Amino acid sequence: MIKTFCVFFLLLGFQGLSLFGQTVSEVRGRTRVKPAEIQDVLNNPGIGFTTFQRFNGDTLNPGSGWTEGLPIVYQTFNGGLVNKSHPSTSIAYFRVDWAFLEPEREKYDWAMIDKALSTAASRGQTLMFRVAPYEDGDRDVPAWYRQMVGKEDKLLSVKWRTDPEDPRYLQYFGGLIRALGQRYDGNPTLESVDIALTGFWGEGDGSHLLSERTRVALIDCYLENFKRTPLTFQPLNGDAPDPGVLVRGTPIEAFWADGRNNGVGDGMRPLGLRCDCLGDMTTDLWPEQQWSHMGDVYPRDIVKSGMSEAWKKRPVTMEICGTFLQWLDSLKYDDRTVQYIFAEALKWHISSFNAKSSPVPKVWGPLVEKWLNRMGYRFVIRRFEYPSRLSPNGQLSITSLWENVGVAPLYKDYRLAVRLKGPGRARVYLSDTKLLNWLPGDIVYEENFFIPYDMPLGKYQVEVGIVSPGTLAPTVRLAITGRTEDGWYRMGDVMIVK
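Following our numbering, the numbering of the sequence shown begins with 15 at its first residue and continues without gaps.
Quick caveat, the hints were computed from the structure, so don't treat them as lab data. Since this is a predicted model, take the numbers as computed values, not measurements. Beta carbons are placed, not taken as given, at the ideal position from N, Cα and C, and that holds for glycine. Hints are not guaranteed to be accurate.
Claimed, not checked - Dumping the calculated SDA-like pairs for lysine to any residue here, alpha-carbon to alpha-carbon at most 20 Å: (1) 326 x 457; (2) 241 x 277; (3) 376 x 353; (4) 361 x 381; (5) 346 x 357; (6) 241 x 284; (7) 473 x 498; (8) 98 x 55; (9) 318 x 276; (10) 361 x 455; (11) 173 x 152.
Claimed, not checked - Here are the computed distance ranges between Cβ atoms for each label pair: (12) 136 x 51: 26 to 34 Å; (13) 73 x 472: 48 to 56 Å; (14) 125 x 160: 18 to 26 Å; (15) 53 x 357: 17 to 25 Å; (16) 470 x 357: 50 to 58 Å; (17) 282 x 164: 37 to 45 Å; (18) 265 x 200: 16 to 24 Å; (19) 350 x 310: 18 to 26 Å; (20) 241 x 459: 29 to 37 Å.
Given only the sequences and the hints, what does the whole structure look like? Please build it.
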């Protein structure tokens, strides 16, 4: 429920006024506001659950299965954005096989991606995207490419369908990635693109077996053609003795606990981190290796890959291993196991999660809500102070204490803003603070804004918001009361006087 409030200033000052959960007081000529924290799940940009091969308002996958790699089957949209038995989302994830995107050599089906982007935007979502070179079973490389290279046996990995060392793989699969970047890099609806090199579903199995020349050339197809759209990297399949080798020879940022790094300076590129099997707790799925993703691969290889600090600059996105219904019905996970999985994901600084558009069991609904309230960023204003009275040519000097109670920063290029709103007029001040630096924990924000000499006198509402720099419209919900109908947060009033 949206709540607004009014604060009345007394000429002699006031102490401890509480309205709609906010405590407002005046201390030595300054207004001090202590907003009330809320526990609502906030559907904010770039964080939380994602839909998969679907969009907000679509019917979920039936049962415990899911679809992937195929063109999207568009459902009739009834206008509602609620997802039954699934959280609302700000991200749609689309993964499609090379064979569908390039059915004929160098003839790309861009309409497939265009429609996914426009549909995501119309449902209040951005689009996370991957092109997989092939899958398991009968989901091969494009027929024209198979005809070109012929049958291939004795490949270095059992999860390869074609030899990535063949120069034609770089020419054509790499060519698709280059063309993709040239067309879509910087598209405001494109949330991120996964770096897919080899292996079933593009998950990268056997990437460590590639020659450095081939590996670097394939990665460069992404780095050189996606300069503005964030890229997400997945070096964590458990099959590489040293996953750190995957960044060698590239400008990908990586840091290790012993002080090593993959290079420093402006030429280095931070990438997001992707983990595609969150919740795998059993070695039964991997009898030859005798490991699990949760117990072995992730805690070990997030560190060994050099990507343990990636979350400070780019998001960590994870995908469920199986589905929630499989966890409940087949694997018999209990609440304690699910809580452990969620806690580990938070430890690894998760921002978004693909549950494969499959239902969340009702019994785990409260656990999921608590998890969502820690996932990604979540900002609370603990205290906000400013002068109670100002004159034209004076300064609105703000001192405030915030807290990011989430596990990651805000990665998008949004700006903190303060708005002074009076009858029939408003003035927005954009802050110079870098929100990417607002890591989990306490944040002290202080800044001065000049009041112009021709500012009309009178009473103004002081409001704060995190806005898109292009529209100056608030885009991020804060975990406090006091939100106005247009998305700003009331911090009280200020008088502009002579």
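Hints versus structure:
| no. | hint | in the structure |
| --- | --- | --- |
| 1 | 326 x 457 | holds (15 Å) |
| 2 | 241 x 277 | holds (19 Å) |
| 3 | 376 x 353 | holds (15 Å) |
| 4 | 361 x 381 | holds (16 Å) |
| 5 | 346 x 357 | holds (19 Å) |
| 6 | 241 x 284 | holds (11 Å) |
| 7 | 473 x 498 | holds (18 Å) |
| 8 | 98 x 55 | holds (16 Å) |
| 9 | 318 x 276 | holds (12 Å) |
| 10 | 361 x 455 | holds (14 Å) |
| 11 | 173 x 152 | holds (13 Å) |
| 12 | 136 x 51: 26 to 34 Å | holds (33 Å) |
| 13 | 73 x 472: 48 to 56 Å | holds (53 Å) |
| 14 | 125 x 160: 18 to 26 Å | holds (24 Å) |
| 15 | 53 x 357: 17 to 25 Å | holds (18 Å) |
| 16 | 470 x 357: 50 to 58 Å | holds (53 Å) |
| 17 | 282 x 164: 37 to 45 Å | holds (40 Å) |
| 18 | 265 x 200: 16 to 24 Å | holds (19 Å) |
| 19 | 350 x 310: 18 to 26 Å | holds (20 Å) |
| 20 | 241 x 459: 29 to 37 Å | holds (30 Å) |
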